[in-house]
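Please take these sequences and the hints and turn them into a complete structure.
In order, the protein sequences belong to chains A and B.
According to the numbering used here, the first sequence is numbered sequentially starting from 1.
According to the numbering used here, the second sequence is numbered sequentially starting from 343.
Wrong hints could be hidden among the right ones.
The list that follows gives simulated cross-link-like pairs (lysine to any residue, SDA-like), each with its CA atoms no further than 25 Å apart [said to hold, decoys possible]: (1) A:Lys222 with B:Ala364; (2) B:Lys658 with B:Thr674; (3) A:Lys225 with B:Phe622; (4) A:Lys222 with B:Ser630; (5) A:Lys76 with B:Leu615; (6) B:Lys564 with A:Ser288; (7) B:Lys567 with A:Gln266; (8) A:Lys225 with B:Gln618; (9) B:Lys567 with A:Lys225; (10) B:Lys567 with A:Thr287; (11) A:Lys225 with B:Thr625; (12) B:Lys564 with A:Lys225; (13) B:Lys564 with A:Gln72; (14) B:Lys418 with A:Ser288.
Quick look at which bits of chain A chain B covers, simulated, 3 or more residues with Cβ under 8 Å [as the list claims (entries may be wrong)]: (15) 251-260; (16) 279-289.
The set of hints was computed from the structure by calculation and includes no laboratory data.
No residue lacks a Cβ here, since even glycine has one placed at the ideal position from N, Cα and C.
2 protein chains.
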Amino acid sequence: MTTLPATMFATVLTQDGYSGEATGPYIDSAGDWLAEVELPVPEPGPGQVLIKLRAASVNPSDIHFIKGEYGQPRVKGAPAGFEGCGDVVATGSGAEALRGQRVSFVTAGSGAWAEYVLAPAIMCISLRPEISDEDGAAQIVNPLTAMAMVDIARTTGEAFVVSAATSQLGKLMCGLGRDLGLKPIALVRRAETVGTLMELGASDVLVTTDPDVVIKFANLSKGLKPRVFLDAVADQLSEQIFCSMPNHARWICYGKLSPDLPTLTQAGQLIFLGKQIEGFWLTNWITSTPPADQARVVAEVQARFADGRWKTDISKRLTLKDVVSSLANALTKRDGKVIITP
Amino acid sequence: MTTLPATMFATVLTQDGYSGEATGPYIDSAGDWLAEVELPVPEPGPGQVLIKLRAASVNPSDIHFIKGEYGQPRVKGAPAGFEGCGDVVATGSGAEALRGQRVSFVTAGSGAWAEYVLAPAIMCISLRPEISDEDGAAQIVNPLTAMAMVDIARTTGEAFVVSAATSQLGKLMCGLGRDLGLKPIALVRRAETVGTLMELGASDVLVTTDPDVVIKFANLSKGLKPRVFLDAVADQLSEQIFCSMPNHARWICYGKLSPDLPTLTQAGQLIFLGKQIEGFWLTNWITSTPPADQARVVAEVQARFADGRWKTDISKRLTLKDVVSSLANALTKRDGKVIITP
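Take a look at the structure:
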C-alpha cells in the first residue's frame, strides 16, 4: 500500500448550516465562505473510499452550498466541493473492489476541494481510459442530470424547453435531445451564442433579453407544443414561458440562477390547463431510481464522453491553493467550467 | 308529452370570451355581466336532455365564468349558471332513458339560470326521492370535487390541509376526511367558525388572520405531516403554508378566492424537497377518470346526502327574476350557497 501523508491541504467551509437566504450562485470573494487549512487525511469507513484528487469541478450547486442555500446543511471546517475525479488509495470494508481505480466521484461529508477526499463507494464510477481527468471531474452531476431530465422530457413529446442553455448542463441537454430525435428549444441571454447552440443541437434558440421573447416563444410553442420546461433560472420570465406552454406542461425547476422571485400570475394555468410546477434534484433521482436504470444511464454517459459526443468545456483552471484567492474571478468567465487541480 | 312553451325567461351573459383578468369570484352588481331576456326554449340534440328547472346553485366558478376568468370562454347571449336540479321534459336521441326523471345536472353551452336548460345526458344524475331539490341543485360540482380531492389526499397519508374551510366544499371535505379516518387541518378566516369546523370533522383549525398562523401551522405540520394542501385561496399565505409542509408535499390549487398573486419565495422547496404545485378542475377529472370510478363516487355522494351526512347550507334563496338585481348582495351572505328557483 502507498504510504499516505498524515495531513493534507484543504479548502474548508467557514460557516455552519443554512443562511436562510437565496441570493444565487455568485460570490464577490471566496474568502467570505472558505478558508485554507491543513487537515488530517481522513480514513475510509465501511462502504467508503479515500481518493487522491486529480481534478475537481465547480458547479453552481457548490456555490449555493458554500453560501448555505443548498439542500444540505454546511458543516464548518469540512472541505467544500461535491464532484471530482481521482485515484482510490484506500478503501473501507465492502469497497475493496475499487482499490487502485481511477474514478469519478460525488462526495458526502468530506468535500472534493482537498488533496484527499472521502466518497461513498456507490457514488464512484470507474473511468474508462479514454476519458480525460477533466472530463472525469464533471462526469456525474451535470451528465446524469442531463440524461435524467431529458428522459423525463422525451416521455411528454418531441419538443422541450431548456433555459440557461449555454451552461454546461444546458449544452449537454441540447446535444442529447438532438441525438434522440427531439427538438430542444434553447433560451440564452446573449444573441452571440445562438449559432453555437444551434450547432450543438437546439432546434430553436430564443434570446431572453429580446423584448419580444415571450411573444416569439408563444408562437413557437403553438407549433411545437413543448410540455417540459427544464429551468435553471426560475425568475419571472420563466413564469411567462410556463404560461405560454400548452396544457399539461410541466415547469421543472432544477436551479435558481436568478435571485428574483417569480410571481404566479395565472392560477388558471394550474387549475384549468392541468399544468404543474415541480423540481429536480439529482440526489432525489439517485435515491428513487432503480440501480439497473442508473447503471444504464452511467454507461451511456461514459460512452458519450469516450467517443467525443460530449465534452467538458473549461473556462478556467485553478490549483487548490488558488481557490480562496481566485475562485470568484474565475467564475466570471463564461460558457465553461472551472476545474481545480491539486 | 307535456306541451312546452315557445319561450322562456333566462339570465344571460352580456360579454364574450375571456376578460384576461383574474379579480376573484366577487361582483359589485350582477348587471355588469348579466341581462334578463326572453329566449326560445332550446331543443335537445343527440345525447342531450331538456330540463325544466327546479333549483340552480351559485358556485364561485359561476362568478369567475360570468366575469370571463374561468376555464371556458363566455358566449354572449347564452344563459349563465353551471349547476342545478330539475325534471327532464324532452330528450334527444340516445338520452331517452332520462325522460321524466328528476336529475342533478351540469350544463354545457346553455346555462342553468333559466326556466329550461339543455344538459348532456352524461352530465345528469337521476336523484333518489329522499334528496331535496336544494340538495339536488348542488349535488355535482362541490360534492364530486370534494370526493375526488379527498381521494387524492388519502393516498398521501392521514393529514391534509383545506383552505377556505367554511365554504360548502371545505365543509364537505372536512366531514368526508373525518369519516374516512383522516385528519383534515382547516384554515378559516374568522375565529368564530373554529367550533363549527371542529364539529364538522376538522382535526385542527387555524385562523388565517392570526399573526402567528404560519408558525402554528409549521408546528402542527411537524407532527401531522400533511402532504396535500387543497387550496381555494392561492395567495401569499397559501405559499407560506406550502413552504411549511414536509417534503413531497403537493399544493393543489382548485380555486382563486384571493386576487393577490403569490410569489414563490423558495425554489429549494421544489428542487430539494420534491414538492410540487398543481391544480384540480372537476372537468379534467371527469374526462380522465374511468366511468366505473365516477359511478362509485356519484353513488357515494347520493348516499351521503340521502342519509344526512352531507347537506347543502343555504345562505340565500332568489328567484330567476331576482338574479340581476340581487345576486351581488346575496353573495355577501356567508357560509352557505345562494339557490335560484324559477
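These are the hints, each one checked on the structure:
no. : hint                   : verdict
1   : A:Lys222 with B:Ala364 : holds (23 Å)
2   : B:Lys658 with B:Thr674 : holds (10 Å)
3   : A:Lys225 with B:Phe622 : holds (22 Å)
4   : A:Lys222 with B:Ser630 : holds (23 Å)
5   : A:Lys76 with B:Leu615  : holds (23 Å)
6   : B:Lys564 with A:Ser288 : holds (23 Å)
7   : B:Lys567 with A:Gln266 : violated (28 Å)
8   : A:Lys225 with B:Gln618 : holds (22 Å)
9   : B:Lys567 with A:Lys225 : violated (37 Å)
10  : B:Lys567 with A:Thr287 : holds (21 Å)
11  : A:Lys225 with B:Thr625 : holds (22 Å)
12  : B:Lys564 with A:Lys225 : violated (40 Å)
13  : B:Lys564 with A:Gln72  : holds (19 Å)
14  : B:Lys418 with A:Ser288 : violated (51 Å)
15  : 251-260                : holds (count 4)
16  : 279-289                : holds (count 5)
Hints 7, 9, 12, 14 from the earlier list are contradicted by this structure; the remaining hints agree with it.
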